[in-house]
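The primary structure of each chain is shown beneath.
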Amino acid sequence: MNYTSEAPPLLEVRELKTYFRSDGGIVKAVDGVSFTVDAGETVAIVGESGSGKSVTALSVLRLIPNPPGEIVSGQIRFAGTDLLELSEPEARKIRGDRIAMIFQEPMTSLNPSLTIGRQVGEPIEIHRKSLAKVVREKCVDLLQKVRIPDPERRVSSFPHEFSGGMRQRAMIAMGLACEPELIIADEPTTALDVTVQAQVLDLLKELTRESQAALVLITHDLGVVARYADRVNVMYAGKIVETGTARDIYNDPRHPYTLGLMNSVPKLNNGEKAPLEPIEGQPPDLSNMPPGCSFEPRCPYSTEHCRSEQPELSLISGKHAFACWVNVKDVS
Amino acid sequence: MLKMSADPLLSVEDLRVEFPISSGVLGSGTAGTVKAVDGVSFNLISGETLGVVGESGCGKTTTGLAILRMLGIAGGKIVFDGKDITNLTRGQMRPIRKKMQMVYQDPFGALDPRMRVRDIIGEPLIAHAEAKEKAKYRARIEELLDIVGLDARMGERYPHEFSGGQRQRIGIARALALNPKLIICDEPVSALDVSIQAQIINLLESLQKKLGLTYIFIAHDLSVVQHISDRVMVMYLGKVVEIASHTELYKNPKHPYTQALLSAVPTPSPDAEAQREVVLLEGEVPSPLNPPKGCPFHPRCPVARPECSVKAPEVVVDSVGHQVSCHLFS
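Order-wise, the sequence lines are chains A and B.
Just so you know, the numbering used here puts 47 at position 47 of the first sequence, and the rest follows in order with no gaps.
Just so you know, the numbering used here puts 1116 at position 116 of the second sequence, and the rest follows in order with no gaps.
It is worth saying that the hints were derived from the structure and are not from the lab.
Just so you know, these numbers come straight off a predicted model, no measurement behind them.
For each residue, glycine too, the CB sits at the ideal point set by N, CA and C.
Please note: incorrect hints may appear among the correct ones.
Stated by the list, open to error - If the Cβ cut is set under 8 Å, some of the chain A residues that face chain B in the computed set are:
| # | residue |
| --- | --- |
| 1 | 49 |
| 2 | 163 |
| 3 | 194 |
| 4 | 195 |
| 5 | 199 |
| 6 | 247 |
| 7 | 262 |
| 8 | 266 |
| 9 | 278 |
As the list claims (entries may be wrong) - In silico DSBU-like links for lysine-lysine, alpha-carbon gap of 30 Å or less:
| # | chain 1 | residue 1 | chain 2 | residue 2 |
| --- | --- | --- | --- | --- |
| 10 | B | 1181 | A | 267 |
| 11 | B | 1210 | A | 267 |
| 12 | B | 1077 | B | 1293 |
From just these sequences and the hints, can you work out the full model?
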């Protein structure tokens, strides 16, 4: 796919810093993250728990609870406007309308006491101020679109009458309700079985392609990223450590953390067993970060320089950039 | 038949576990039974790892709990270490439980938050009266901590001071306390991040070599199971659909469900993904309350034939011990 970046990107996050205050000090959950998303593109944010991927997503939607959280600095430009400069009512107008979010747990993110129709139709009700009858018709269409069987009847069902896969489909229907330009899906299939995961992700990809919406896919699953993403941002301890097209990242990983992730995953290849090479140690404490590179304590290639100074992202080709003082290619 | 070089450590024959469904306001009546495990048979040779895969509700955890006799059994036979344990009483099971242990999925829920780690690990020793001398008891706990890669001083701490991976190491140390022969690992890495997951898998593999352990490794992640197992058993709606060695299962999956499962797992390579044909299954696993007649997989099966909805397929085993239950092969 070719994205000539003549036009400004749909979403541009620049030097985003989101911190949380805790008893143990300031937790730098997101610490200087920059990335862009073009219209119609699927961009993945990969990382492990605590790497700041969900906080990045919530920051874009301005859903960081304050206190304890706060977007300390940065810019989030969406279609020309800086979301961080909007008032709360202005932000609310965009949220659920032009930017939609699909949450991780379909079990807890649906209200158990409201019908599926009420919830799927809520964005239309709020943003389009449509009549109840129109909302209901639109809901039936949406449920049909996400392939929920018998939508006329299902629109009046309650979440507990749906299986996990159907609930996640309903969540997707809700996200698509106002035909958003940008959909952020936070681990949309983590709670689902593999065969259902494949159904739901294929559906999500197909529907975003149809409506030309951009998709930000947040996940920890490297396989899912390989199948669905055009571009990938790898996050570690609140920073993007490597970014590039999916092929850049998988065929030519440059950051030792990306490399470590790739070697940690058991692969379904010809059935022969290759020993796993885990990344030793634990992620750093976000309230007490090392002065240099945050991956240095676990890094097999670390040098004196890594301990004293933080590396910045530097471009090596096209869209491929990584933040590391060492060139892994030279060492290994 | 499977090649039997030695007597199996564990042999399970036609195992059945049923749960009654209560009905009525007070739950007094019964509305039927869920056949959570429905005629599962397999053998386990000492020192091997049997992987059990399947989607939620297929009965893989229930099978594990039934083998440990932590659940009532509706039918079948379990022979462990040459002894029929199917109908043993609680008291008779006690000495046998020393030889079979479990590692649980959730490293946050499986450890008592109010106990020190050394007491958690030592509890099996005390429960089975194997901690007669204090010095020996202490030494054993230090040895166990060391074996799972934790510092001896960490025994003084409480579970909340540990990360997920470290807690899973504590759970493993506790399972090892009584020198078991068989460890049933129920989704031991599914709650962990990938980089930590690999640490725990490597630890389990090295422990197996060092201590001659036999594992039943239950997971829903096919690539993890494929990696750690010698043989893999695929379950669907309480039944075994296929058992084969890990290479055989990958190279030559026979059952349409196994094929779909393998194809649903995305591989971490965009080039491979771009070329791959994916067998997408329609629908979801049917309710075990009202399982389909005939082959339980037929409503979702892309190659179902008329007889599939009538008659349950028989178990067919080929010359390399690859076992499958599907009408395509009978």
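Hints and how they fare:
This hint holds: residue 49 of chain A has a C-beta 6 Å from the nearest C-beta of chain B, less than the 8 Å allowed. Among the interface hints, the one on residue 163 of chain A holds; its C-beta lies about 5 Å from the nearest C-beta in chain B, closer than the 8 Å criterion. The beta carbon of residue 194 of chain A is positioned within 8 Å of a beta carbon in chain B (closest approach about 4 Å), and the interface hint is therefore held. The beta carbon of residue 195 of chain A is positioned within 8 Å of a beta carbon in chain B (closest approach about 5 Å), and the interface hint is therefore held.
At a threshold of 8 Å, the smallest CB-CB gap from residue 199 of chain A to chain B is about 6 Å, leaving the interface hint in force. Interface restraint check for residue 247 of chain A: the shortest CB-CB distance to chain B comes to about 5 Å, inside 8 Å, so the restraint holds. Restraint check, residue 262 of chain A versus chain B: the minimum CB separation of about 7 Å is within 8 Å; hint holds. Interface restraint check: residue 266 of chain A against chain B, minimum CB-CB distance 4 Å, threshold 8 Å, status holds.
The closest approach between the C-beta of residue 278 of chain A and any C-beta of chain B is roughly 3 Å, which is under the 8 Å cut-off, so the hint is satisfied. With a C-alpha separation of about 29 Å, the suggested pairing of residue 1181 of chain B with residue 267 of chain A holds against the 30 Å cut-off. Between residue 1210 of chain B and residue 267 of chain A the alpha-carbon distance is near 25 Å, which keeps this suggested pair within the 30 Å criterion. At most 30 Å may separate the alpha-carbon atoms for a hinted pair to count; residue 1077 of chain B and residue 1293 of chain B meet this at roughly 25 Å.
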